[in-house]
Amino acid sequence: MDCRTSILSLLPSREECFFDLSHFFKYSLVLSIKENSFPMDKFTYVETKDPSFDFVVGFEGKGFVKEVEKDCVKLGKDLRKCLGFDYLFSEEYKVEEGKRIYYPDLTVEVLRVLKDERDVDDFLEEELKNYEAKDYATSEGVERFVNPYLEFTSTLRDKDLEELSLLSSVYSLANNVRDRAIEENEELERVYRQIENKIISIASKYNVELRKGKPIKYEMEERISEDEEHVEEEMREPIDVTALLVKVRAIKVRERMEEFKEFVKSKNKEQEVKLGKYSVSFHGVLLDKFEDKNVTVLSMGKGMKLKMGSHEFELRLQKPTVLLLKSSRGRYEVVI
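Numbering-wise (full-length UniProt numbering), the sequence shown opens with residue 1 and increments by one.
There's no promise every hint is true.
[Claimed, not checked] Computed list of lysine-lysine pairs in DSS-like fashion (alpha-carbon distance at most 25 Å, straight line):
#, residue 1, residue 2
1, 261, 115
2, 70, 99
3, 99, 319
[Claimed, not checked] Derived DEER-like restraints, expressed as beta-carbon distance ranges:
#, residue 1, residue 2, range
4, 267, 305, 17 to 25 Å
5, 283, 255, 57 to 65 Å
6, 307, 78, 41 to 49 Å
7, 51, 165, 44 to 52 Å
Hints listed in this document are in silico derivations from the structure and should not be mistaken for laboratory results. Here a beta-carbon is modelled for each residue, glycine too, at the ideal position from N, C-alpha and C.
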């Protein structure tokens, strides 16, 4: 029996029938927890014993398996919406905003199709808000982004930015000391207020509204447990200096908008990016990379090559296009 027939019929199949070892074993896993199955679109939908996920099995030259939300199609959703894409890589697809193309373990979403350089400039201006949010997440250590915006801001030489950066760490330290103090300390309070007033002064200069930061966290034995009322009285949320620093950086970039746009466009070249199982090659600009989970690119060429092991795919493009590539290696837990 050929690979396509055996896989779509959910019969035992050979490793070489699948895109890679992970899809082969995922297929074996699905067979071990299968409760029911039925053909749908060009796939086989598998209902399983797992309370969170069902699976979809497909075959396009090789076999692949993708998890979907439990009972997704029973909830009235279109199967492809459940799968998170509009086209398989082997189908005729339209490069239009919002359309998503699926490759094994990778989804490519078309964010924007641009006409000319003016469109590119407009997009970069609109993207500043997103860059600002990613700057904050990276500065807080919550998530790690790599992009031209962070690279550009790291080159800025500005007195206020440098002062805010220096004040941030000492303000956090002063806040820790102040919060742990059991007795009132007027000198400590005076120093704390001096630092805070300096921060407020810079914020006022740029007309930036101050945000309160997260409460400082301590181990229980380090906290004051003598008098809850006293602790509550002494506790006070600090200024979120990181948010202020990020906001002032964004203002500085807007002041140098033309310089920033030229900086980004100067990155236009032959690129190769690693994402999950893939090596992605294109001519254009790497606009953003979020860990090993997704990348945003501006393709200025006529296509993009996507290589996974011995398999190579091509995405055909006609115009400058902003694309979001999302790795979908399957982060889930199967419970029986």
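Structure-based check of each hint:
Between the alpha carbons of residue 261 and residue 115 the distance comes to roughly 17 Å, so the proposed pair stays at or under 25 Å and holds. Annotation: proposed proximity of residue 70 to residue 99 holds, straight-line Cα distance about 24 Å (limit 25 Å). Straight-line distance between C-alpha atoms of residue 99 and residue 319 comes to about 15 Å, which keeps the hinted pair within the 25 Å bound. For residue 267 and residue 305, the Cβ-Cβ distance of about 19 Å falls inside the hinted range of 17 to 25 Å, so the restraint holds.
Take residue 283 and residue 255: their Cβ atoms lie about 31 Å apart, and the range 57 to 65 Å is violated. As the Cβ distance of residue 307 to residue 78 is approximately 30 Å, the hint placing it in 41 to 49 Å is violated. Separation of residue 51 from residue 165 is about 48 Å and conforms to the stated range, judged on CB atoms against 44 to 52 Å.
Consistency note: the structure conflicts with the earlier hints numbered 5, 6.
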